[in-house]
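Single-letter residue listing:
Protein chains: 2
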Amino acid sequence: MSELRKDLISGRWVIISTERSKRPDDFRPADGRAGTEEPRGFCPFCEGSEVKTPPEIPTTLRQPDTASDAPGWTVRVVPNKFPALNRGPSSPKMTRGIFSWTEGRGVHEVVIENPDHGLELADLPVEHIRDVLSVFQQRIRAIEAEFHYRYVQVFKNKGREAGASLSHPHSQIVATPIVPIRVKEEIYGAQRLFLGFRECAFCRIFREENSAGQRVVLRNGHFAVFAPFASRFPFEMAVFPARHSPYFTEVREDELMSLAGTLKSILGKLKDAVGDPPYNLVLHQAPNPFHSRQAWPDIDKIYHWHLEIFPILTKVAGFEWGTGFYINPVPPETAAEFLRT
Amino acid sequence: MSELRKDLISGRWVIISTERSKRPDDFRPADGRAGTEEPRGFCPFCEGSEVKTPPEIPTTLRQPDTASDAPGWTVRVVPNKFPALNRGPSSPKMTRGIFSWTEGRGVHEVVIENPDHGLELADLPVEHIRDVLSVFQQRIRAIEAEFHYRYVQVFKNKGREAGASLSHPHSQIVATPIVPIRVKEEIYGAQRLFLGFRECAFCRIFREENSAGQRVVLRNGHFAVFAPFASRFPFEMAVFPARHSPYFTEVREDELMSLAGTLKSILGKLKDAVGDPPYNLVLHQAPNPFHSRQAWPDIDKIYHWHLEIFPILTKVAGFEWGTGFYINPVPPETAAEFLRT
Chain A
1 MSELRKDLIS GRWVIISTER SKRPDDFRPA DGRAGTEEPR GFCPFCEGSE
51 VKTPPEIPTT LRQPDTASDA PGWTVRVVPN KFPALNRGPS SPKMTRGIFS
101 WTEGRGVHEV VIENPDHGLE LADLPVEHIR DVLSVFQQRI RAIEAEFHYR
151 YVQVFKNKGR EAGASLSHPH SQIVATPIVP IRVKEEIYGA QRLFLGFREC
201 AFCRIFREEN SAGQRVVLRN GHFAVFAPFA SRFPFEMAVF PARHSPYFTE
251 VREDELMSLA GTLKSILGKL KDAVGDPPYN LVLHQAPNPF HSRQAWPDID
301 KIYHWHLEIF PILTKVAGFE WGTGFYINPV PPETAAEFLR T
Chain B
342 MSELRKDLIS GRWVIISTER SKRPDDFRPA DGRAGTEEPR GFCPFCEGSE
392 VKTPPEIPTT LRQPDTASDA PGWTVRVVPN KFPALNRGPS SPKMTRGIFS
442 WTEGRGVHEV VIENPDHGLE LADLPVEHIR DVLSVFQQRI RAIEAEFHYR
492 YVQVFKNKGR EAGASLSHPH SQIVATPIVP IRVKEEIYGA QRLFLGFREC
542 AFCRIFREEN SAGQRVVLRN GHFAVFAPFA SRFPFEMAVF PARHSPYFTE
592 VREDELMSLA GTLKSILGKL KDAVGDPPYN LVLHQAPNPF HSRQAWPDID
642 KIYHWHLEIF PILTKVAGFE WGTGFYINPV PPETAAEFLR T
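For the protein sequence lines, the chains are A and B, in the order given.
Residue numbering for the first sequence follows the numbering used here, starting at 1 and increasing by one per position.
Residue numbering for the second sequence follows the numbering used here, starting at 342 and increasing by one per position.
The calculated lysine-lysine pairs, modelled on DSSO-like cross-linking and capped at a C-alpha distance of 27 Å, are:
1) B:Lys434 <-> B:Lys347
2) A:Lys315 <-> B:Lys610
3) B:Lys656 <-> A:Lys271
4) B:Lys656 <-> A:Lys264
5) A:Lys52 <-> B:Lys656
6) B:Lys525 <-> A:Lys184
7) B:Lys612 <-> A:Lys315
8) A:Lys271 <-> A:Lys315
9) B:Lys610 <-> B:Lys656
10) A:Lys184 <-> B:Lys656
11) A:Lys301 <-> B:Lys347
12) A:Lys269 <-> B:Lys656
13) B:Lys525 <-> A:Lys6
14) B:Lys656 <-> A:Lys81
Everything labelled a hint here was simulated from the structure, so no lab data went into it.
Please build the complete structure, drawing on both the sequences and the hints.
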């Protein structure tokens, strides 16, 4: 059982993982630094290797009349074989001296985006990307039905430098029993700005960026993609929905199709124009509505789901760790112009 | 001139650097990803290449009767040739629509720790490490005399994965006109805990960790090194001084010598037992006293300088970016036991 531990000074939580645990000697370079090497020639996410993963979750999209854990799927969902957190009853917060901790209860799933090892998200037909997004929605709904999972984080790590330990295209879903500190910060920031703007801060940014135009990468009826004004990373992008909603699960069918097209376009641009860099894709949404509507009664007004996508081209180093400042050598206006054309 | 820009929602600042600026095409893999490759066979930090850096700062330690910017030094301080921030008069905060920014005023210096390319900090004699620490103190004092530099961040990136663009052993000093968000969070966290503990939270952690013992890596009269209870990374270490003080500049001569020995011991341990990993070393100290004693009148009571050292063995990925949670596969108790023996 892993442990969730709270840092006393910062209030930040960490997962001390035992399922993924390594002996200290495992980090010596001879053993493959950080254990992120994958064995060559075998991939547990490929079609035909279904028995190498834990049994799939029924949300998996399959051809009619094909059996679970066998070929015939298009988007497959499985529990992570080495989960950071384990499912189970919610656990009380406990103390050890002055320190707080709790059992590492949560959910950790993998969404295998397609059966073909060589096809990245950007390469898939728009309808297939829509299916992946639809699977995210279904899993979020199912996990949030269990009230003690307060936050569901959907993310994608593409490439070793972006933290992917397997190269077969996949995304991950982690649900935590605690609302993470960065999510809280975003909520409190949005709450504070709502008072000044008298409207959702994200709606306001959406309007301002669209009228300024110089940081707009792409626009369509349902979404706009910006290089954020204070981008931390070269070619960082934010995908904002035009329609205000705190919850990704509330995205409608037609919007989902539009989002799929938007993603295909910007991920394709990264691949073709920036040289297929490793990247992270991060969904920002409000915490589980069963919890967030109690904890922040104004959550439906102030929060606005969005996506963050950034290639890994610079390193996070001592300065960033100490200060939370980032040094970005590409102005977002330059990045947007480059990505737009 | 670079720009400091504030992210509206999170309140985080970024440096949009122009001195270091790259054209978007520079990021294509053929050009050396992220430009972090160094030309082989030449090092501007080596003895004999002094003219390749900007003119040295007089804090440089040299043999008597040797000339500036010539061989004969032991610890050399130079302005960064590609500074993230530039010196100059303080600049007011300005707005561009709903966004805040200011000119990128600040300091960016490099401390070349020794003339020999092949000698890492851990390899130097204790007296030489003490000299490096003493140079840090002198530079912090000199920079803080200019009141508009509100925070001085001292850090070391060792190895390419830790963000070092040159492999010659060096540290960096960056001063910002804004107190960084992570520093503020630490101050507010310490302030809140002071109310409950009725003493400095760092002093309390120092005592609790020493009496628990299982996360202690090293102890001596002046310092203790712990694997923090909520370590984010395998083999993360915190170096706490026994004597309460918010300011690194207040460390006394005998304490500095003891700190040098402490660093030599733990950095040597990382090198020998963990396989010479890339690492970051980050100084946490109170902001410029001219500013912090006004902004936080209780700063002298509540804040306690310390060092943070962590090898880069795992990747920060989508989950960490979205949540601020970290997944650590090595419990700090295991790490401390391994580093202790």
